[in-house]
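One line per chain: the protein sequences are Z and P, in this order. Last residue of the first sequence: 287 in numbering that gives the first Met the number 0, with the numbers rising by one and none dropped. Last residue of the second sequence: 401 in numbering that gives the first Met the number 0, with the numbers rising by one and none dropped.
In case anyone wonders, no lab produced these hints; they're calculated from the structure. Keep in mind that a hint or two might mislead.
To be verified - With a straight-line cut-off of 16 Å between C-alpha atoms, the simulated EDC-like cross-links for lysine to aspartate or glutamate are:
(1) P:LYS197 to Z:ASP259
(2) P:LYS237 to Z:ASP262
(3) P:LYS151 to P:ASP168
(4) P:LYS224 to Z:GLU174
(5) P:LYS224 to Z:GLU1
(6) P:LYS204 to P:ASP158
Unchecked claim - Listed next, the stretches of chain P that the computed footprint assigns to chain Z, with coverage defined by at least 3 CB atoms under 8 Å from CB atoms of chain Z:
(7) 47 to 58
(8) 234 to 248
(9) 260 to 272
(10) 330 to 336
Bear in mind the structure is a predicted one, so any value in this text is a computation, not a measurement. Even for Gly, the Cβ is constructed at its ideal location relative to N, Cα and C.
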Amino acid sequence: MEILIQQLFNGLTIGSVYALVALGLTLVYGILHIPNFAHGALYMMGGYITLTMMTKFGLHYWIAIFVSIILVGLIGVLMERFVFHPLREAPPIHDKIAAIGILLFLEAFAQFYWGAEYQSMPTPYGQVVQIMGLTFTMQRILIVVAALVVMLLLYLFLKKTFMGATIIAMSQNREGANLVGVNTNKVAMLTFMISGGLAAIASSLSSPINLVFPGMGQLVILKAFVIIILGGMGSIPGAIVGGYILGFSESLGATYISNDYKDIIAFILLVIILTVKPTGLFSKGGQH
Amino acid sequence: MKRMKSLLMMCFIFIIIFSLAACNSTEKKTAGTKPAGDGGDSKTGIVNIGYTGPLSGAAAFYGERTLNGIKMAADEINGAGGFEVGGKKYKLNIVSLDDKYLPNEAGANAKRLVQENKTPIIFTPHSGGVFALQVFNQQDNFLIGAYTSEPKVSEVGNDLTVRIPPRYDGYLKPFTDYEMKKFGKKIAFLPTSSQYGKDWADQLKKYWEKEGGKVVYNSSIDFAKETDFFTSVTNALKEKPDVLFIGGASEPTAKVAKQARELGFKGGFIVMDQAKFDEMKAVTGSYDLLNGSIGVMPLIDSTNSPAIPDFVKKYNDKYGENPGSEAGLNYIGMYIFVEAMKAAGSVDDAVKIQAHMQDGVSNIADNVRIYQFTKFSGGGFDGELEVAAIEDGKVVPIKVEK
Numbered sequence: 000m001e002i003l004i005q006q007l008f009n010g011l012t013i014g015s016v017y018a019l020v021a022l023g024l025t026l027v028y029g030i031l032h033i034p035n036f037a038h039g040a041l042y043m044m045g046g047y048i049t050l051t052m053m054t055k056f057g058l059h060y061w062i063a064i065f066v067s068i069i070l071v072g073l074i075g076v077l078m079e080r081f082v083f084h085p086l087r088e089a090p091p092i093h094d095k096i097a098a099i100g101i102l103l104f105l106e107a108f109a110q111f112y113w114g115a116e117y118q119s120m121p122t123p124y125g126q127v128v129q130i131m132g133l134t135f136t137m138q139r140i141l142i143v144v145a146a147l148v149v150m151l152l153l154y155l156f157l158k159k160t161f162m163g164a165t166i167i168a169m170s171q172n173r174e175g176a177n178l179v180g181v182n183t184n185k186v187a188m189l190t191f192m193i194s195g196g197l198a199a200i201a202s203s204l205s206s207p208i209n210l211v212f213p214g215m216g217q218l219v220i221l222k223a224f225v226i227i228i229l230g231g232m233g234s235i236p237g238a239i240v241g242g243y244i245l246g247f248s249e250s251l252g253a254t255y256i257s258n259d260y261k262d263i264i265a266f267i268l269l270v271i272i273l274t275v276k277p278t279g280l281f282s283k284g285g286q287h
Numbered sequence: 000m001k002r003m004k005s006l007l008m009m010c011f012i013f014i015i016i017f018s019l020a021a022c023n024s025t026e027k028k029t030a031g032t033k034p035a036g037d038g039g040d041s042k043t044g045i046v047n048i049g050y051t052g053p054l055s056g057a058a059a060f061y062g063e064r065t066l067n068g069i070k071m072a073a074d075e076i077n078g079a080g081g082f083e084v085g086g087k088k089y090k091l092n093i094v095s096l097d098d099k100y101l102p103n104e105a106g107a108n109a110k111r112l113v114q115e116n117k118t119p120i121i122f123t124p125h126s127g128g129v130f131a132l133q134v135f136n137q138q139d140n141f142l143i144g145a146y147t148s149e150p151k152v153s154e155v156g157n158d159l160t161v162r163i164p165p166r167y168d169g170y171l172k173p174f175t176d177y178e179m180k181k182f183g184k185k186i187a188f189l190p191t192s193s194q195y196g197k198d199w200a201d202q203l204k205k206y207w208e209k210e211g212g213k214v215v216y217n218s219s220i221d222f223a224k225e226t227d228f229f230t231s232v233t234n235a236l237k238e239k240p241d242v243l244f245i246g247g248a249s250e251p252t253a254k255v256a257k258q259a260r261e262l263g264f265k266g267g268f269i270v271m272d273q274a275k276f277d278e279m280k281a282v283t284g285s286y287d288l289l290n291g292s293i294g295v296m297p298l299i300d301s302t303n304s305p306a307i308p309d310f311v312k313k314y315n316d317k318y319g320e321n322p323g324s325e326a327g328l329n330y331i332g333m334y335i336f337v338e339a340m341k342a343a344g345s346v347d348d349a350v351k352i353q354a355h356m357q358d359g360v361s362n363i364a365d366n367v368r369i370y371q372f373t374k375f376s377g378g379g380f381d382g383e384l385e386v387a388a389i390e391d392g393k394v395v396p397i398k399v400e401k
């Protein structure tokens, strides 16, 4: 029983990180229909910027995360302006190639600038908490809580503010939104900003339990794609639910089936869900 | 107009990308060891030494450290005026190529090095690369400087393979003896999921069971795929092992150890030879967390040779970090190869150079002898195994009986 609860908690931790990354990915897909392969690189940049702010400039963890959100958000905006915006009339394959190009560029840049070695991010929340034989660390509890808070804020932003409504409008129908006077350029930039910010939050929260290195984006990006396909491309609740499903299936699969095959379990789950519901869990019919 | 503008923008971006990419590759290729006084001096010959290893991707830091050791030795030899073979002076030029840790890329790189640069020796720091090179090195007449402790590379009957580090199977007995005596007979396996990690685990399993121990959990962690190790570690610990076998690159290995302690593990660790205690300490903060671990002796803590402090200082001045055995062993390896070339009287005949490896081991100067190699036997350098344990937050040398 203890093992089960412990593993549920482990799954919740990892699922929170997955969900945050997948949210950024699904937002951009929903608005611009671009599978942003470079999203993993944004995640990696977030980790490095937070780390640099903490070690080089001595900033507090939270302030460093804030700086990182802004900077990675700006990288996202630049990506949109310089790469995806000029390509908006091009065939869709060009977006994909460009996204892979950005991914390679940012990874090479990180290796050039920060070096190839693993770096470890300190955290003020390293304490171990033992409750009834279960082990939590403050950092892990922080990941779970912070992810929930971020999701709630995002929800409120999208549903209750005018700017959020423009994003939803554009994801529902780009031309329609344009017709009623939504500035699609502004919305696209805003979406990339939020997407980058979410990636920065996810990596800044998860880095203290892992390490910071140029290839760290690849840890999550493939899984994030699985999640948004599973949840329905472009669907926000789909990304959240998908993230937790994958997190739990990994931790429980590793415990009760096999540690070596836990990735396969996640993919089998994907196959089953797509067989039953080929458009993903939450996609709305006729949306695209 | 708008099309023009976007076209211009694209051009601009591509120019930046290409120029950056170009900077990068030229820097890697020349590797900063071009001998002084280029070409014009007909009395000084140049020996190209090949290197293929991971210089980008997840293992890039590892590739760079191994390459640094080779480069440092080459720079020193060139700085001292080169070396003399058969009455002619030679200088070294390191030609390095990136193989992204992939055996197939290593093979392609080696072909290129032999054809374009006529390299008599090619270093490669992974067992997969060594196996790929062994397919054709005897036909193409080049030596493999194999930086891997995998015993199999020396057992396939490839005479032109020189294994630089000691074989890992030598560690099985001292590691097992120490941990069994101190902690108990139940062990859980959680090393890296590379081929190397799995081979290590197989060997250790055999030996551990032969000594009457029991493997209660046998799995591995893919450091390139897992964001969090808590799940795997929780599962390994639910079998209540006395000892945990961990390993892989130092930093993620240290994270596994740290998370095991967080989850309440009180036993000992057997640390695979790929991970180094001093690098693990950079992640855990102190050695206290690793109390009861056994692994290889970190180079900077070794007292086995008077040449070490000097080497550590030189390396630190040059690369701004403490050297590990990746740099140290490749450094001494390069020196041994040069001495072997001198003794063989040839800089291009791989068979002759190989036949004089023993002379190479015997002849290197004392101030570069950072490892006490005495013999060249069984396709590799033979010396005392340096094993260390962590006790009360300190690195303690462990004696190994032969």
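Verification of the hints:
Taking the CA atoms of LYS197 of chain P and ASP259 of chain Z, the gap is about 12 Å. The hint holds against a cut of 16 Å. For the hint pairing LYS237 of chain P with ASP262 of chain Z, the CA-to-CA distance comes to about 21 Å; that exceeds 16 Å, so the pair is violated. At most 16 Å may separate the alpha-carbon atoms for a hinted pair to count; LYS151 of chain P and ASP168 of chain P meet this at roughly 10 Å. A threshold of 16 Å between alpha carbons decides the hint, and for LYS224 of chain P with GLU174 of chain Z the separation of about 40 Å lies outside it, so the pair is violated.
Taking the CA atoms of LYS224 of chain P and GLU1 of chain Z, the gap is near 26 Å; set against the 16 Å cutoff, the hint is violated. Between LYS204 of chain P and ASP158 of chain P the CA atoms are separated by roughly 30 Å; this puts the pair beyond 16 Å, and the hint is violated. Counting residues of the stretch 47 to 58 of chain P whose beta carbon lies closer than 8 Å to any beta carbon of chain Z gives 3, which meets the minimum of three for the stated coverage. Taking a C-beta to C-beta cut-off of 8 Å, the stretch 234 to 248 of chain P contributes 3 residues in contact with chain Z, enough for the three needed, and the coverage statement holds.
Counting residues of the stretch 260 to 272 of chain P whose CB falls under 8 Å from any CB of chain Z gives 3; the rule of at least 3 is met. A count of 0 residues in the stretch 330 to 336 of chain P with a Cβ less than 8 Å from any Cβ of chain Z is obtained; the coverage claim is therefore unmet, three being the minimum.
In this structure, the earlier hints numbered 2, 4, 5, 6 and 10 are contradicted, and the remaining ones agree with it.
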